[in-house]
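Undergrad: The whole structure should be built from the sequences, with the hints applied where relevant.
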Amino acid sequence: MRNPEKLILIAMIIISCKKPYDPPVVNSNSNYLVVEGQINTGSDSTVIKLSRTVNISNKFTLNPELDAVVTVESDQNASFQLTGTGGGYYVSAGLNLDNTRKYRLRIKTANEIYHSDFVAVANSPAIDTVSSTFENDGVRFYVSTHDPNNNTHYYRWDYRETWIIHSNYYSFYKSNGDSVIDRNLMNDEVYQCWRSDTASGINIASSSHLHKDVISNNPVTFVSSASEKLSAKYSIVAAQSAPTNSAYSILVRQYALTADAYTFWANLKKNTELLGSIFDAQPSQLKGNIHSETSPPEPVIGYISAGTVTSKRIFIKNQDVPAGWASPPAFSNCKLDTLFLSWYAPGATVPLNQENEYFNYNKGNLYKNRLIPVVAIWNQQLGTIIGHTGSTPECVDCTLRGTNKQPDFWR
Amino acid sequence: MRKTYLISLCFLFFLQTALAQQKNIKLISCNFQQATIAQFAADLESKSSAHFYYDPTQFDSLRVTLQITEQPLESILYAAFKNTNYHYAITSSQQVFITKGRQIKTDLAPGFITIATASNTQTSAVADYTDDKDKNVPDATTENKLYEIGTRTNTIKPGNATLSGYVRDIKSGEAVVGASIYVANTKTGVATDQFGYFTITLPRGRHTLNVRGLGMRDTRRQTVLYNDGKLIIEMQEQVNSLKEVKISADKVANVRSVELGVTRLDIKNIKQIPTAFGETDVLKVILTLPGVTSVGEATTGFNVRGGSADENLILLNGATIYNPAHFFGFFAAFNPDIVKDIELYKSSIPEKFGGRLSSVLEVTNREGNKKIFTGSAGIGLLTSRINVEGPIIKDKTSFIFGARTTYSNWLLNLLPDAYKHSSASFYDVNLDISHQINDKNNIYLSSYISNDKFKLNSDTTYSYSNKSVSLKWKHNYSTKLFSLISGGFDRYQYDINSTANPVNGYDLAFNINQSNFKADFTYYLNNKHTIDFGLNSILYNINPGTFEPLGAQSLVLPQVVAPEQALESALYLGDKYDVSTNFSISAGVRFNIYNYLGPQTVDNYAPNLPREPGNVLDSTAFSKGHIINTYAAPDIRLSARYLLNDNLSVKAGYNTLHQYIHLLSNSTSISPTDVYKLSDPNIKPESGDQVSLGLFQNAKQNTIEMSVEVYYKRLRNYLDYKSGAVLLLNQHIEQDVINTKGKAYGAEFLLKKTAGKLNGWISYTYSRTFLKQDDPNAGELINEGNWYPANYDKPHSFNFTGNYRFTHRYSVSLDVAYSTGRPITLPIAKYEYAGSERVFYSDRNAYRIPDYFRSDFSINIEGNHRVHQKTHNSWTVGVYNLTGRQNAYSTFFTEQSGVISGYKLSIFASPIPFINYNIRF
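Taken in order, these protein sequences are the chains called H and X.
The opening residue of the first sequence carries number 3 in the numbering used here; numbering runs sequentially from there.
The opening residue of the second sequence carries number 436 in the numbering used here; numbering runs sequentially from there.
I should point out that these hints are in silico values taken from the structure, not numbers from a laboratory.
Since we're looking at a predicted model, the values are computed, not measured.
There may be inaccurate statements among the hints.
[What the hints assert, rightly or not] Under the rule of at most 16 Å between Cα atoms (straight-line distance), these lysine to aspartate or glutamate pairs were calculated in the EDC-like manner:
| no. | chain 1 | residue 1 | chain 2 | residue 2 |
| --- | --- | --- | --- | --- |
| 1 | H | Lys51 | X | Glu1272 |
| 2 | H | Lys214 | X | Glu983 |
| 3 | X | Lys665 | X | Asp653 |
[Said to hold, decoys possible] Across the chosen pairs, the derived CB separations fall in these ranges:
| no. | chain 1 | residue 1 | chain 2 | residue 2 | range |
| --- | --- | --- | --- | --- | --- |
| 4 | X | Lys1119 | H | Phe82 | 44 to 50 Å |
| 5 | H | Arg197 | X | Ala997 | 50 to 56 Å |
| 6 | X | Val995 | H | Pro245 | 51 to 57 Å |
| 7 | H | His211 | X | Val864 | 33 to 39 Å |
| 8 | X | Ala935 | H | Arg197 | 31 to 37 Å |
| 9 | H | Ile238 | X | Ala1281 | 55 to 61 Å |
| 10 | X | Lys1119 | H | Arg103 | 38 to 44 Å |
| 11 | X | Ala935 | H | Gly326 | 24 to 30 Å |
[Claimed, not checked] Just some of the chain H residues that point at chain X, by a computed CB distance under 10 Å:
| no. | residue |
| --- | --- |
| 12 | Val36 |
| 13 | Asp160 |
| 14 | Leu338 |
Note that beta-carbon positions come from the ideal geometry of N, C-alpha and C, so glycine has one too.
TA: Printed below as a string of structure tokens:
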């Protein structure tokens, strides 16, 4: 709380109000290069993402810079080229660089050449702990670390969360397009999936004001009790809702920063996340360490650091989640329809195969919005299946929002 | 009353004498209403055979009101001059001699009744016959009384004499500050100083002094000036009037004073302006004046003519107040029950003030009642206050005590759970004592403390406090020379601490201490020259920040930014010179000497290179008391007034100013964590100069005042900050600041109506303020070194403040404010970075937030106006932001769940009703 920006005024909260504001449409033809990523000097891959700014009024933000030539250069003229993998991503396998040298990024686009400044390698010390604290309305995650050499001082974290989601209905059947068949529940279950997301905020901290290079319990993220992220225990499959099963996992990645890089991130955070309270600073210009060689005054957004990244993962088990939290389903307006193989509409003399119309996408043409079969309707007298219940895909198929392949790290 | 008294006297006389004389004496009827001696004599001469003989100079104050039917001449004369210092004598040839003081004996006959003239002293009334003996109306008495000043002489010598004295409140004995004393026949005038003292040089002879004071009933004094002398003028408060808007004490000052851009406001005016929560706010009112704009709603910061908020010197009884706000700016830290008036100087800043670039705001407290114990109390929605005052030694020593506190915690308890453990409290206490040692010596002790404490969710505790104490000694050497010598100590401090995370538990403290010494002399050389001279000195002692561990587990590394010391001194000399009745000049120079003192370690930077860590050549350590460097510069203060006619004048002014203490703040408003920095070898003093020109006109017997002022101002070495500058606990602040230039210009229009049922003012200001940062050594150029509008550049600003009085008990006030929106840096592009959409900002301050508009309304209800009752009470009910307009305090763009959205933050976004109850005892 050393920054006045963090000062929240309660009294102002009561009587003040925050309303959406649409500024006069600012139509600049800005099309500035945005560079994101870190030169990984260790054995992990280096991923650099290139994009371009778009006008504020644009509907989509994504504007990847394709077909650039991206190379990592050392101050001794060694160079390592990255390979474009689409979507503006440029990747190289582990570079295993010499920690005593400085490195920079060189980007050649269709019309221009860009360079970052040469940066020293800042390797991240190991994360000591990632911990969680249950509060009344959610769970908060913290990271703690220290540098035994008292050398790092500036840290940045991001994270990747993964959690189990469940569909509303457990589907035992699927359609192969022509008819409803049994679902292979070993590898085609669509009731339980794993969903992931990455950090959307900037998380930095500094120990420069402390005796020792120690970061203690720096907040990483908060998962609300109302969130689906901790709802795994509500599975209708007993085995899946076992108390010892994991519901949620977070991988925290830690980056070491130089003082200059820290300033950049702090500034970026200040300019885009920490505005709106009474004593906030006015937004300021963002100065990264990448420059255009062709036209030096052109702004380039981004800061390239070099170093290794450390990470740590923790899990939250079903038994840890307090009762009453986060009840699924996520889609509460789900409903089951009953669909028959042979169905007489009122007054009709010819039966209609409702399953063809609703489930079998190669057949029927009455309904465009297909359903997925859930359970069979068994006629005891006939001893046959006369139809299936079905629901919309988002109520049945979790793979629409995640993957039904258990991630390697999951346990 | 008076008339019937005289008539009955006439009648008695008639009974005694008329019968005996009726045979050979002509009977006369007469009817005089305030007749002069000439009219009186001429009328009687025309109706009788008498001839009148008198010396007109002795009778110029005589007014005769008399109605008599069919009486002899002698009866009329007897009735007219009975019980006065005037005498008549009638000779047998019908010659009438009227004399003053002594009677002419027309014959040698003994036993002629002589009327006692024992009361014929220099101060006795001569026109006693108009004297109303009813002492319940003392003002009538004194207004018609002729005061003789100096040793009386038979003939008035030619030349000038000096009249000095005090203007006081007849009820409380308190000085009336800023009362104007205007002499119509010489067209000269003066105003009383902060002690109610005045001195005026006039030609010897007969003068009528017209005295006007803020909130006082106008009065006049008839004087005959024989020699230098003294006069104490007691004025009556306007008890039965509801608050009447008067901006200036002196109705003619608008046109006649030499100063431009000076405004005085009485607490009564301030009290009728509606404010949020109904708390009378001494500072909010100045935002209604032309040339003054608000830093933001719910903040007390203000900008004067393109200056930043820290360029205003705020003085409370002469003590510097660094944070004049409570509750982060919701309330001014001045108790409205104690404050007497405020005066804002935005252009003609007297030589005795210095050290800030834009303005001086002087808040003056009342003196305690010297005659009786009184007090008042007020209850509002968030605060309540009390004040008590009274004599310690009657007519000599008095005290005034005021205290205010909040009970706003109830408001916090209404908040969601997350904020339940928050608390906020503040208080302020004033205690002032004034003592009159004798005619020539007065001493005044003022003390003030304000304190704020705020705790957010049991986490971080913020507190800040102003403290000051001062002692003043006023000494009159003669009627022409007096001095005011004062010493004081002011302190501002804040403290922030948190133990929410034990490992990071910290305590951050900042304080600024200043010891002041001032010696101000005023010398009334003659009626053309008033000379002010003196010496001011301030010793600063700043602890720019200590950051210390709090709690056993804390690993916080103590950080201390080395304390700073400096001595700011100034010698000044100014002369107000009345060249002719139409032309006056006020010219002065203030020579500033600033010494930055050790102990201190100062970094030396390579010349002509940006002040960056890499460019530090070495550093020099200085020992305690060592003068590290000195800045010396003269301030020039000039203003002139030329009277085109009685109601129209043109004025011009030029002034230069220097500022050696800088507020470091890159947020929108002044926040409680801003630090002050003294000028040092790497941070130059700020300087500015301003030229202004104004046209001033009064109309309708000075009840309408109009003015137009234009100004152009330059600022140098104004501090701006590099992007992402760290201001707190920065050991090398010079590396994060940039020197900028500023220019501001504007035109201010003001129309005031000072009397009548409807009164108030309308102001419109057009003003621009630009900054430019083109120092190639700064390392970073803002907007490529071009001029850009300052954060507080609001070109158009309009204000209406009005009060309509239905009866003496009911009045309504309406306040309307409009201004152009503040400049803002808007995002012009967006991109994805670190998992979120983010925005790229335009050039600094290239766009504006929506315009600001607000109207407030209040109804004031006074209790009955019987003077003799134990308590007087009043109610104020009103609505702040009547139209509920959601004015943008700021607009911003921020990422929420990975999507950029624009938001508008509004404070007081809906109509806020308020009620206040005040009681006076």
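Undergrad: Evaluate each hint against the coordinates.
TA: A quick look at each hint next to the structure:
The suggested pairing of Lys51 (chain H) with Glu1272 (chain X) holds, with an alpha-carbon distance near 14 Å, which does not exceed 16 Å. Under the criterion of a C-alpha separation no larger than 16 Å, the hint pairing Lys214 (chain H) with Glu983 (chain X) is consistent with the structure, at around 14 Å. Among the hinted pairs, Lys665 (chain X) with Asp653 (chain X) is inconsistent with the structure: their alpha-carbon atoms are about 20 Å apart, more than 16 Å. Take Lys1119 (chain X) and Phe82 (chain H): their Cβ atoms lie about 49 Å apart, and the range 44 to 50 Å holds.
Checking the proposed 50 to 56 Å range against Arg197 (chain H) and Ala997 (chain X) shows it holds: the Cβ atoms sit about 54 Å from each other. About 53 Å separates the C-beta atoms of Val995 (chain X) and Pro245 (chain H), a value consistent with the hinted range of 51 to 57 Å. As the Cβ distance of His211 (chain H) to Val864 (chain X) is approximately 36 Å, the hint placing it in 33 to 39 Å holds. Range check, Ala935 (chain X) to Arg197 (chain H): about 32 Å between beta-carbon atoms, so the 31 to 37 Å window is met.
In this structure the supplied range 55 to 61 Å holds for Ile238 (chain H) paired with Ala1281 (chain X), their Cβ-Cβ distance being about 57 Å. As the Cβ distance of Lys1119 (chain X) to Arg103 (chain H) is approximately 42 Å, the hint placing it in 38 to 44 Å holds. For Ala935 (chain X) paired with Gly326 (chain H), a C-beta distance near 27 Å keeps the hint of 24 to 30 Å intact. Checking Val36 (chain H) against chain X by beta carbon gives a least distance of about 4 Å; that is within 10 Å, so the hint holds.
Hint status for Asp160 (chain H) relative to chain X: holds, with the closest Cβ pair at about 7 Å, below 10 Å. The restraint placing Leu338 (chain H) at the interface with chain X is violated, with a minimum CB-CB distance near 32 Å, outside the 10 Å limit.
Checked against the numbered hints given earlier, this structure breaks hints 3 and 14; the rest are met.
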